[in-house]
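Trainee: Next come the chains, spelled out residue by residue.
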Amino acid sequence: MNQKNILSELIEKFQIFHCVECGKCTGACPLAQVDRDFSPRLVAKYAIEEGLDSEYVKEKVWTCLTCGLCNERCPIGISFTEFIRAIRPLFITEGFKGHLSHGGALQGLMRMQTAPKLIQNRLDWVTPEIKISSQGEILYFTGCLTYLETFFSEMNLELKKIAYDTVKLLNSVGIEPVVLPDERCCGHDLIWTGDEKSFDKLRNLNIESFKKAGVKTIVTSCGECSYTLKNLYGQPDEQFSFEVMHISEYLQKISFSAGRKLSEIATYQDPCRLGRFMGVYDAPRELIGSVMELREMPHFRAGAWCCGNSAWLHCDRYSKQMQVERLMEAKGTKSDLIVTACPKCQIHLTCAMNDVNLLQDLNMKIQDISSILAESIEGNDSEPSP
Amino acid sequence: MPSWNRKKPILAFFCNWAPYRCYMDLCRSESTFHHLIYPVRVMCSGRVDPAMVLFAFEKGAEGVMVLGCKDKECRYGPGPEQSTKIAEPIKALIHILGLESERFRSVKYSFNEKNRLLEEIDSFAKTVYKLKKSPFVP
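Heads up: the sequence lines are chains A and B, in that order. Quick note: the first sequence uses my numbering, first residue 1, plus one each step. Quick note: the second sequence uses my numbering, first residue 1001, plus one each step.
Because the hints were derived from the structure by calculation, they are not lab data. Just so it is clear, the structure is predicted and the values come from calculations on it, not from any experiment. Glycine included, every Cβ here is placed at the ideal spot set by N, Cα and C. Check the hints yourself; a few may be wrong.
[Claimed, not checked] Simulated DEER-style distance windows between Cβ atoms:
1. Ser1123(B) <-> Ser134(A): 38 to 46 Å
2. Val20(A) <-> Glu1088(B): 51 to 59 Å
3. Val1040(B) <-> Ser134(A): 36 to 44 Å
4. Met1024(B) <-> Ser153(A): 48 to 56 Å
5. Glu1081(B) <-> Phe17(A): 54 to 62 Å
6. Glu1081(B) <-> Asp200(A): 39 to 47 Å
7. Asp53(A) <-> Val1040(B): 51 to 59 Å
8. Gly95(A) <-> Ser1101(B): 32 to 40 Å
9. Lys1133(B) <-> Glu208(A): 17 to 25 Å
10. Glu1081(B) <-> Glu208(A): 39 to 47 Å
11. Ile48(A) <-> Glu1088(B): 49 to 57 Å
The shape of chain B in the complex, shown without the other chains:
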């Protein structure tokens, strides 16, 4: 298993329900993470506001993922829609700051999609590691 990439950290906000369960399933199973991420568990992906994502970038994160439940599968109601809403402004803001908009990704999962989660994390990490180092130093 590869070690944490401390020089190029990737942060992922996991919704406590579907995505975090997929993540826990992955951790318990035999599957291998090719790239590791820093998980942050939140109760709902709708709680993640632009300030939190920007703060992660300010503190030197190379990429930020927001992983939420699928629309209509949210336990609280409009959570996933809310997290979709913030995606475009965040991408535009980090573009103005000179960061590539691929550094932010918002993805939706169901309970049984642990393999898709693994693929998604790996593909995101691959994309981010190809980019230049972020100019923000903590």
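For reference, chain A alone in the conformation it holds in the complex:
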């Protein structure tokens, strides 16, 4: 089947023909607010009218944030982001017109993890104080935390501490999670940049190691990992199936009770994959609310604004503007810290805070939900980080 037929089939599958051209997607799109050239409606329109030859689609298919706000607004219920994901591989063969941030280094790191003989040293955050096992029903999927902390070492983010704190939380409720030394990246950023081949390799390698460890439930501390493992891995075969949960969902399910109250005031940044894609809004809010006061930003829950980037594509002045606007919303709540449930939101927002060109002081403490919960059960602020 040639590329053109694949595109028309995808248009049919995602019901792009049903678009009534109301333009609500463009009105809601956080990117269209700052980049007047971008319009999800026009992408849909030109994809139908001109298909693969459309210069507009060729360019804009890569700038889309895939945050999913347009899906929420669409009165027909078209899943625009899923459509974008499905057509991106076609536009790689047609000549890639996107821009990979950091020179494509992060996609490179993920592609390198597809090598079957790889022996990684990714568990340097595991200390004797926390207990992990190699076989069991509950697995903690670390994701790219180790790589990201090293890659963004200039920013001094404590991303490995998220993994440490998540395991500590699970230990506190009597669970010794499986943490795999040969775990690979979930492949989220590869499939969203159109590299389906490498994604399939990672998926197969990961499922193989899940099987070996006898896993039934996977807990993650990243919205993107949860979404990918749950929705894009599928159920490999009838004998082996697993359940995927974000740590906040899991803790809510086992009715986790937090320790002491913290005196800070928090505002919560909804990660798009965890919120809009998986519908997990309440669990993180309840958990944060149980340890500290929570104040909402003007755009929250299903209407939350994106942190400015996804899948390490197109980090440009528009991203920066979106990040600044989001940070100003957070500042406006007069809270002490931003809590996120996705390490990438943390990286992107911290990057905007560190920008020397910003005249306004947007510095705010930013922490992962696991870290604040771990702090509350520890009862000791001056606990050394791993």
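Chain A is fixed; fit chain B onto it per the hints.
Mentor: Positioned in the frame of chain A, the structure of chain B alone reads:
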């Protein structure tokens, strides 16, 4: 003269100025390379970013060298400092990926140091060939 080692390739990013001139001097002179490398000429060692080094490893390079001018001798300004800055993160990243950190080396040269360049290339190649084959296949 030994032939290219295609099974265990070593890539070297040469800054166009001092290191590449040393390399050209070596090629013109009678000196013998005991180990050969794949030279990639860039205008400044500061241009080499982690993505390029990681891409070389992804494509099966056994070792990667970045050869730049000495600090303060750069024609553009902060090039060598920039290339020093990326060295530590790259070593840490390839360590997580299970590669030995000796596989990456960042070295600085002046115009007249062709013999040191020859020694450095040979010692780097010797170190790298002693290691196990890289798990990455192009």
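Trainee: Hints first: check each against the structure and report whether it holds.
Mentor: Hint-by-hint comparison with the structure:
For Ser1123(B) and Ser134(A), the Cβ-Cβ distance of about 40 Å falls inside the hinted range of 38 to 46 Å, so the restraint holds. A beta carbon spacing of about 55 Å between Val20(A) and Glu1088(B) agrees with the range 51 to 59 Å that was offered as a hint. The beta-carbon spacing between Val1040(B) and Ser134(A), approximately 42 Å, falls within the hinted interval of 36 to 44 Å. Met1024(B) and Ser153(A) have their C-beta atoms about 36 Å apart, which leaves the hinted 48 to 56 Å range violated.
Glu1081(B) and Phe17(A) have their C-beta atoms about 56 Å apart, which keeps the hinted 54 to 62 Å range intact. Take Glu1081(B) and Asp200(A): their Cβ atoms lie about 41 Å apart, and the range 39 to 47 Å holds. Between Asp53(A) and Val1040(B), the C-beta spacing of about 36 Å breaks the proposed range 51 to 59 Å. The hinted range of 32 to 40 Å is satisfied by Gly95(A) and Ser1101(B), whose Cβ atoms lie roughly 37 Å apart.
Between Lys1133(B) and Glu208(A) the beta carbon distance is about 23 Å. The supplied range of 17 to 25 Å therefore holds. Against the hinted window of 39 to 47 Å, the Cβ-Cβ separation of Glu1081(B) and Glu208(A) comes to about 44 Å, which satisfies the hint. Distance hint check: the CB atoms of Ile48(A) and Glu1088(B) are about 50 Å apart, consistent with the given range 49 to 57 Å.
Figure legend: structure checked against the earlier numbered hints; hints not met, in rising order: 4, 7.
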